[in-house]
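Same order as they appear, the protein sequences are chains A and B. Okay, so the first sequence: first residue is -7 according to the numbering used here, each after it adds one. Okay, so the second sequence: first residue is 3 according to the numbering used here, each after it adds one.
Hints in this document: simulated from the structure, not taken from any laboratory. All values derive from a computational prediction rather than experimental measurement. For glycine and all other residues, C-beta sits at the position ideal for the given N, C-alpha and C. Worth double-checking, as some hints may not be accurate.
[Said to hold, decoys possible] Result set (DSS-like, lysine-lysine): computed pairs, CA atoms no more than 25 Å apart in a straight line:
| id | chain 1 | residue 1 | chain 2 | residue 2 |
| --- | --- | --- | --- | --- |
| 1 | B | 258 | B | 214 |
| 2 | B | 481 | A | -1 |
| 3 | B | 589 | A | 99 |
| 4 | B | 481 | A | 99 |
| 5 | B | 201 | B | 258 |
| 6 | B | 201 | B | 214 |
| 7 | B | 481 | A | 108 |
[To be verified] Rough simulated footprint, nothing fancy, chain A against chain B, three-plus residues with beta-carbon under 8 Å:
| id | region |
| --- | --- |
| 8 | 457 to 470 |
| 9 | 496 to 506 |
| 10 | 543 to 555 |
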Amino acid sequence: MTPCERKVLVIEDDADVRDAIVEVLEDQRYGWIAATNGAEALDVLRDDPEPCVILLDLMMPIMDGWQFRRAQLGDPRLAQVPVVVLSAHADVNEAATQLGAAGHLRKPIELGRLMKVVEEHCEPTAA
Amino acid sequence: MIRPTEAVQSLELSALVAQVTDYAIFALDRAGRVVSWNAGAALLKGYDPAEIVGQHFSRFYLPEDVAAGRPERLLAAAARDGHVRDEGWRVRKDGTRFWADIVITALKEDDGERVAGYLKVTRDLTERRAGQEALRQSEERLRLLVERVEDYAIFMLDPDGRVASWNVGAERIKGYTPDEVIGRHFSSFYPPEDIADGKPARELEAAIARGKVEDEGWRVRKDGTRFWANVVITALRGDDGVLRGFAKVTRDMTSKRRATEELAARARQQGTLAALGVFALQTADLQLVLDRAVAAVTTTLEVDLSSLSEETDGGLVLRAGQGWAPGDRGALRFVGSSPVAEAWTIGAPVLVTHLPSDPRFNDPALWGRGVVSTLTVPVPGAGPRPFAVLGAHHGAGRPFSADDVFFMQAVANIVGAAVVRRQTELDRLEAERQARVADERRAMAEAAVRERDVYVSVVAHELRTPVAALMLKLAGLSKLVSDPSNERRLTQVLPVRLEAAGRQTQRLTLLIERILDMSRISSGRLQLEREACDLVALARDVVQDLREHTRQRRTAVAIVGAPSLPGTWDRGRLLQILTNLVDNAIKYGAGSPVEVVVHGDEACARVRVIDQGPGIAPEDQERVFRRFERASPLTQFGGMGLGLYVSKQLALAHGGDITLTSAPGRGSTFELALPRGVPSGEATT
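Kindly generate the complete structure, drawing on both the sequences and the hints.
Written out as C-alpha cells, the structure reads:
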C-alpha cells in the first residue's frame, strides 16, 4: 500500500452522521475506516496502517475525543497523524487548538468544507 | 314707818338729805305739792328751792303722762301700798327729758292711817337706760339674724344637751319645727351607730373641756335621711364661769362632700383610662384588652356586672365580662329589646335607671340577673357599624352620672382603637400574604417560561443533529448526481441511500412524536389505544430493534423470566417505554451486561431492567423522572432527557408506574409495573 492509498479514519458515535461522511468519502473515492468511539478506533488502528487524517468527534460514549487524542499522542506510530475535530460546540475552534489539531469542522458539516479538509491531507484511491 | 314730821324734823337727816347730790330727794304734801327740795333735786331737775316749793309735782311729768293721770295714780298707789316704784321719762325745768327711777313713799300721820305727805326719791337713769336699750337692740338684732340664717343650723342646748332654741336654718337642714324639737335631746340628730358609741356625750364633754369642738360626720334628718355635716359646738358660760349651755352650729356639707367625691371619682376614672390605654397599646391579644376593659368598668364604677358584647350573625354575644356565670361568655345573647342591642342600633349611650319598670326594654339576660340600672355604650369598630357594646349593670338602683357616661365612652374608644389597630394589622398581613402569593405566581410563571425556553432549546438541538446528517447525505447525493460520469455508481447506491434517508426521516418523525407526547402529557390529552399484547414478546422486539446500539456499546442484553405475560395495553406506548428503559441501560451501563427480567402475577405484570453501571446517587434518583433531567452530565451522552419523564407518564396513564432502585457503584434497576387488565372506568379503545 502506497502513502497515496492511506485511508480517512472517521470516529463518530452518531450512525447517521458517520454514514453520511462515509458515503461522501466513498463517492469521492477516498479509502475510509469508521469507529463509533475512541476505544474502537484504537482497536482498528492496531491492525490497519496509519490513516492520512482522523476526523474526530469529541462527545462519544466509552472513550471520547479527548481521551482518544491522548492515547494517539502517546503512540509514536500514530502521533504524527493529523486530526480534524468535529463538534457542534460553538468553541470547537478553541478545543481544536487545545488538542493540537490540524483543523476543525463545525457541525452541521457542510459538504464543501469536508471535502476541502480531506483533500488537504489525502489523495483519492486510484479508480 | 317713818313719819314726815319726824323725817323732816330730824335735822341731822335733813342736813344729810340736803347734801345728797346723786338723788333728787324731796317731800310732797298730801296734795302732791313740793314741800322740801334738796341739792340733788336742784341739780337733777334744774329748779331752785324757792321756785319749786309749793308747786305740784306733776310738772315733772310729760304732758301725755299728766293727761293720762299718771302722777295721781302713782300717789294713790303709794298711799295704798306704802310706796311705789316707777321708771319713766321726766321733764326738767329747761324742758329736756331724762329717764328717771323713782320711789314714792307715803308718809303717814301718827295714827298710821292717814297720809300726811310723800317722800320722793328720783334717780337719773338716762345713761343706764341708753346702755340697756343699746344692748337690747343689739340682742334683738342678733336674735333676728340668727333666726333668719338659713344655711346654718344655729341652736342652743341647755347644759344637759336639750335643745333650747332653733333657727330657720336648723329647721331647713334637720326638718324639725321649733315646737317639735325644743326640749328634745340633741343626740337624736346622730345616726344610731354614733349614739351607741356615745359620740353625742363625748362631743359635749370635749366642748366643756376645750371650750369648742368641731366635727364632720353623718347626721340624721327628721325623715331618717342622712346628710354630711360640719358641726361646731361651743360651751357657753356665765360671767361666774358656770356652764349655761352650748351653742351648736351645723352646716350641711353633703353637696360639698359629693363634689369632693366626684372629683376623686373622676381622678380615679382618668387614672384607670390612662392605664387601660397604655395596656391596649402594648398588648397584641385583643381578648386580653377586652378582659382588662370590663375589669376597669367593674372596679371603677363599682357595679355588679360588666359586659362587652360583640355583634355576630346570631346577635350580640357576650365576649368579655365580669360578674357573669361560668359559661356565659361566648354563649349569652342579648336579644329582643335589650339596652345592649339598643346602644348598638342607635350608636349612642343608653342609660336605664330602672330596668324592670322601663317599658322600652325587655331583656331576659339582664332581667334574669337582677339588674336594675344599666349603662350601655357602643364600641366603635373599623367600619361604620359599632364593633361591640360595652355595658355596666347594677342590681340596686345605682345612679349613673354624666362622668360615668364619659368614662364608659372613653373605655369604649380605647377598645375601639385596639380593634381598629388589630384590623389594620390583619389587613397589612393579608396584603403581605397576597403580595407573596402574587410573587410566587410570578416566579412560577417565570420558571414555566424558562422551562419552555430550555425545552425549545433542547428540542432544537436534538433535531439539528439528525437533520444535519440528512442534509449532508443529500448534499453528497446531489454532488454524485451532478457528475454524469458517476452514472454507474449512482444506479448502484441510489436505492440504498434513499431507503436510508427514508429511515432517518422516520426516526425524525418518531422524535417529533415524542416531543408531541410531552405536550399531550402537559395538557392531559394523552390517549391510550389498548389491545391484547404479550409483554415478553414486546421486550424481545425491543432488544431486537436495539441490536445495532447493543453492538456499538458492546453490551450483552438478556431477557429472563416468564415465557409469556399477556395483558391489555397500548402496544406502541409499551414499546416506547421498554425501548427507553433498555436503551438507557445500554447507554449508561458503561458496557456492563443488561438484564431484562419479566415476571408477574394475575393482577400485575413487572419488567425489571437491570444494569451494572455506575448507579445513580440517592439525591439524583427522584430527579431522573423530571423533564430535561439526566443523572449524568449533559455533555457526556446524547439524548433529550425527556425519555424517563415520558415513560413514567405513560406508565401512570396505564394505571402503573416506573420505580428506580440504585446505589452509586452498584448499578441501577428500573421496574415497570402494569396492571394486566383494563382498569375499571377506562374503556378499551
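* Within the assertion that chain A covers the region 457 to 470 of chain B, do at least three residues meet a Cβ-to-Cβ distance smaller than 8 Å? -> holds (count 6)
* Asked: Between residue 201/B and residue 214/B, is the straight-line Cα distance small enough, at 25 Å or below?
  -> Since the Cα atoms of residue 201/B and residue 214/B sit roughly 15 Å apart, the hinted pair holds (cutoff 25 Å).
* Given coverage of the region 496 to 506 of chain B by chain A, tested with a Cβ cutoff of 8 Å and a minimum of 3 residues -> holds (count 3)
* Is residue 258/B close enough to residue 214/B, meaning Cα to Cα at most 25 Å? -> holds, 23 Å
* **Holds or violated: residue 201/B to residue 258/B, with C-alpha atoms at most 25 Å apart** => holds, 23 Å
* Between residue 481/B and residue 108/A, does the CA-CA distance stay at or below 25 Å? -> Given that 25 Å is the threshold and the Cα spacing comes to 14 Å, the pair holds.
* For the pair we were handed, residue 589/B and residue 99/A, check the Cα-Cα distance against 25 Å. => holds, 23 Å
* To do: Tell me if chain A covers the region 543 to 555 of chain B under the three-residue, 8 Å CB rule, please?
  => Held - the region 543 to 555 of chain B has 3 residues with a Cβ nearer than 8 Å to chain A, which meets the minimum of three.
* Going straight from one Cα to the other, do residue 481/B and residue 99/A come out at no more than 25 Å? -> Answer holds: residue 481/B to residue 99/A is near 19 Å, not above 25 Å.
* Asked: Holds or violated: are the alpha carbons of residue 481/B and residue -1/A at most 25 Å from each other?
  -> The given pair, whose Cα atoms are some 21 Å apart, holds under the 25 Å limit.
Checked against the numbered hints given earlier, this structure breaks none of them.
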